[in-house]
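Asker: One-letter residues, chain by chain:
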Amino acid sequence: GENVEQHPSTLSVQEGDSAVIKCTYSDSASNYFPWYKQELGKRPQLIIDIRSNVGEKKDQRIAVTLNKTAKHFSLHITETQPEDSAVYFCAATPNNAGNMLTFGGGTRLMVKP
Amino acid sequence: EAQVTQNPRYLITVTGKKLTVTCSQNMNHEYMSWYRQDPGLGLRQIYYSMNVEVTDKGDVPEGYKVSRKEKRNFPLILESPSPNQTSLYFCASSLNNQPQHFGDGTRLSIL
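The listed protein sequences derive, respectively, from chains A and B.
Residues in the first sequence are numbered consecutively from 100, following this note's numbering.
Residues in the second sequence are numbered consecutively from 167, following this note's numbering.
Don't take each hint at face value.
[To be verified] SDA-like, lysine to any residue: derived pairs with alpha carbons at most 25 Å apart:
1) B:Lys-231 - A:Glu-101
2) A:Lys-141 - B:Asn-250
3) B:Lys-223 - A:Ala-128
4) A:Lys-141 - B:Ser-215
5) A:Lys-141 - B:Gln-251
6) A:Lys-141 - B:Thr-179
What the hints contain is simulated information worked out from the structure, not anything from laboratory work.
Isolated chain A (complex conformation):
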């Protein structure tokens, strides 16, 4: 089955700096890669996703890149703000859907004002 590894496990940045979180996956059949943000005590919420037919997707300060050959994908947050502080999870699935997701272990992002 799929195995997703996520790095780093914790990341501390200064407000205004950029943050990058990286994930690798094992199943070359995976074709859908969502990112979830989980604030303390709350549910995971989808912030951006990418499908295997594109290499990059951007939504305001958030972007995701995908390298299918190397089987890795990354989340980029620019101009970080204190409200970006949360745990971020990457995930992968081979069925081109949000179903049957395999999650990475999570990255705790701390943005210092």
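Following the hints, position chain B against chain A.
Answerer: What follows is chain B alone, placed relative to chain A:
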């Protein structure tokens, strides 16, 4: 309001006492799933259901049961809970080929 509702939100119980965590969604989603969240391990899928009367094991199904008798409900059953099932549990639902929506979570402590 479109939502996934889990109950209870918090539960402290003892080893061996059967419990059920309910999950209900009002979005007519075909797909529903249960995850457990443990520190450093992310979210691991316990069971999922593609539609009514269709359920399948996820990555960590041992010690759990589910049922899907109606489209909106997908209860998680712990027949004989043990301390290693102490965790934060999330239910999620989606239309097929669409991102998942998560419930607010259920924190279970089994003594």
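Asker: None of the hints should be skipped; say for each whether it holds.
Answerer: So, going through the hints one by one against the coordinates:
In summary, the hint linking Lys-231 (chain B) to Glu-101 (chain A) is supported, as the alpha carbons are separated by about 23 Å, within the 25 Å threshold. Distance check on the hinted pair: Lys-141 (chain A) and Asn-250 (chain B) sit about 22 Å apart at the alpha-carbon level, within 25 Å; holds. Between Lys-223 (chain B) and Ala-128 (chain A), the direct Cα distance comes to roughly 20 Å. Compliance with the 25 Å bound is thereby established for this hinted pair. Note on Lys-141 (chain A) and Ser-215 (chain B): the hinted pairing holds, with a Cα-Cα distance of about 24 Å set against a maximum of 25 Å.
Our distance criterion of 25 Å between C-alpha atoms is met by Lys-141 (chain A) and Gln-251 (chain B), whose separation comes to about 20 Å. A threshold of 25 Å between alpha carbons decides the hint, and for Lys-141 (chain A) with Thr-179 (chain B) the separation of about 22 Å falls inside it, so the pair holds.
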